[in-house]
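> Start from chain A and add chain B according to the hints.
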Amino acid sequence: MNRTVVNILVVLGAVILQIGVAPYISIGGVVPNFLLLAAVTLAMVQGPTAGCAAGFACGLLFDLLGSGPVGPMAVVLAATGYIAGLLATNLFAEGWLLPLSVLALASLGAELTYALLLTLFGTPIPFFRSLFTLVIPGAVYNTALALLAYPFLARFLRRERPVAEFRRLA
Amino acid sequence: MRTPPADRSSPRFGLLAVLVLVGLALTTLWFREGPTGPVHRVQVTVHAATAPVGRVGEFLTTPVRRASTWTSNFIASRSEIATLRQQNGTLRARLAELEEARLENVRLRGLIAMTQRGKLKAMGANVIGRPTGTWEGFITIDKGKADGVESGMAVTGVSGLLGRTTEVTARTSRVQLITDQRSGVAAMIQSTRAGGIVNGSIEGDLSLNYVSKETTVRPGDVVVTSGIGGVYPKGLLVGDVLKARKDPGELYQRIEVRPTAQIAGIEEVLVLLSKPPAPELGTGE
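Each protein sequence line maps, in turn, to chains A and B.
This note's numbering applies: residue 1 is where the first sequence begins, and numbers increase by one.
This note's numbering applies: residue 1 is where the second sequence begins, and numbers increase by one.
Keep in mind that the hints were calculated from the coordinates and are not lab data.
These numbers were taken from a predicted model, which means no experiment stands behind them.
Even for Gly, the Cβ is constructed at its ideal location relative to N, Cα and C.
Careful, some of the hints might be misleading.
As the list claims (entries may be wrong) - Quick partial rundown of chain B residues pointing at chain A, CB under 8 Å, derived from the structure: (1) Leu16; (2) Leu19; (3) Val20; (4) Phe31; (5) Pro38; (6) Val39; (7) Arg41; (8) Thr50; (9) Thr132; (10) Gly133; (11) Thr134; (12) Thr166; (13) Thr169; (14) Arg174; (15) Leu251; (16) Tyr252.
Bound conformation, chain B alone:
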């Protein structure tokens, strides 16, 4: 006996056609209107309104995630591993900074005027939201305009660059991770000063692009921000070179980079409040 389709509506293709057109119109509008347009503003409002839900999720799952990490590290002492990891991250960052300072010192020696790099002012923030979809790499932090955060500020972890703030509301900010497919960071190989752009990808891997084939790049080479573009301060640790390949027919090398910062599961971040100084282009004198 057939079950009567009492609660099954008859198909209305017209409704589907209208909704598809509305969806496509919204998409077009989103691309054309710019970041201050009405659709973007609705999106920012939704992010701000739903941030507390993310915060609750973060709070509730923290013990589970910590227990999971603890279980996976049960062979060694949990506190010992945490301390060593933190020390390792700090030392690697310090080493990169020192190497950067040394190379900078070498380059600047002999010049009459030597400018001193300004110290960057930073503020700690907690992660309260993580990517809600497979196709994006954004996190939400619990600091916003009220705390002095502005759009475009660099965000770092203990051991390296994480990304930059994009949407800033009164109490929260969205951070585009360097692993996001739409992210691009002006960077360079620390030892050779060969510059390029570090791009994220859909899988969350990093690649250093636009590095000339004439430059020698080896696995393990440190990649730092170059400061070009004025978004990220110069010398922030981005990652290490995993592989470098020179394909015939390609103009540039294919360089895979492993991010230094522990992006998955990160709980605290640092927002660099002072924006990098604009690059001096010369006075023309």
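Okay, chain A solo, but in the shape it has when bound:
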């Protein structure tokens, strides 16, 4: 299947999960971000340029699904996808622990930057309170979900090179 079609399918799948599943598995007000997981996974599998484009698309869709400003999450996920792609390209090819570390860092960084952008655009957000009640729990939750979803998604996206054959490069 064409790689672009596969990428679109992954993003659409993430949109459906974000609307139809994420609100119902929220814990203590923390809603998992499937679009972030899709963007970071695509970035790690396909590199920074694809990750950047996928991140922008996922972020824009996330913004359009919500009732807040359109654009901040697109900016955040474009940058997150780019950085995650760079990390994946330069540090390692595959392995279970390191991709999850990137996902955890990406989740934490994305939510923090999103909160900062909202503050810059005039939405008052108590930084430390939201850090401990939403941002860090959100990163933990997203990482836990990535633990379940990433291996399957990575295999689906990179069927021509089985995951087991990859070796750490650095």
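Below, chain B without anything else, positioned relative to chain A:
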């Protein structure tokens, strides 16, 4: 042996820079254009187009959520608890209404002209979508313009105020919950009539702001809508005071409010179709 980076594209920083600029431009446009601008319209269209997905999610997860609630309440009879909760909510709302009526009666006694409060027309609606992100407090209901819903109508649950409609399409409406960080409800302490604004927060808690330090506020005091601003009708139950604190150096009290309505997991709501009458400012005679 190094794995050849066959499917890894070379980094293009220019693309990132362009996308970041586009994103920032969209954000700026969103803030500047107002609710009828093109970006807002696209957002409303996306909400309307994706509402069926939310409806399916709501339908599929209802048995799971009910089973979860049932399991958590297994010590007592599920139906008994549901009935008692409903009765409790109804009675609390009724009590607040009666107290409101009594106080109003006291204030108006002796006046020559006494106006009778109009009964509010309400319509039931089902929740078909819940917040898709951590940072917002909006739900979607299955009633829209075709059913007579307009933007800015108050929405309540069995036991208290939930929020107001913001985006209304033909068949669905988005409801901004009172716990949303951008929400503000003109409210007052029922017993003392001290007015303020109930604001939501990022964590979904409520606070009553702009209440003078000279007013005595106690935990358990009932908070109702004041009707000021014309968005919410007067006397709707908002919540109870949890804590009230007077910090030195602060102009107003810090009052935490617990919402009366069960916001998490709510399935049915009431939309108040009749908008509250505009406040009479006097004729100047």
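> A separate judgement is required for each hint: does it hold in the structure or not?
Do the hints match the structure? See the list:
| no. | hint | in the structure |
| --- | --- | --- |
| 1 | Leu16 | 5 Å, holds |
| 2 | Leu19 | 4 Å, holds |
| 3 | Val20 | 5 Å, holds |
| 4 | Phe31 | 6 Å, holds |
| 5 | Pro38 | 10 Å, violated |
| 6 | Val39 | 5 Å, holds |
| 7 | Arg41 | 11 Å, violated |
| 8 | Thr50 | 5 Å, holds |
| 9 | Thr132 | 5 Å, holds |
| 10 | Gly133 | 5 Å, holds |
| 11 | Thr134 | 5 Å, holds |
| 12 | Thr166 | 7 Å, holds |
| 13 | Thr169 | 13 Å, violated |
| 14 | Arg174 | 6 Å, holds |
| 15 | Leu251 | 17 Å, violated |
| 16 | Tyr252 | 16 Å, violated |
Checked against the numbered hints listed earlier, the structure breaks hints 5, 7, 13, 15 and 16; every other hint is satisfied.
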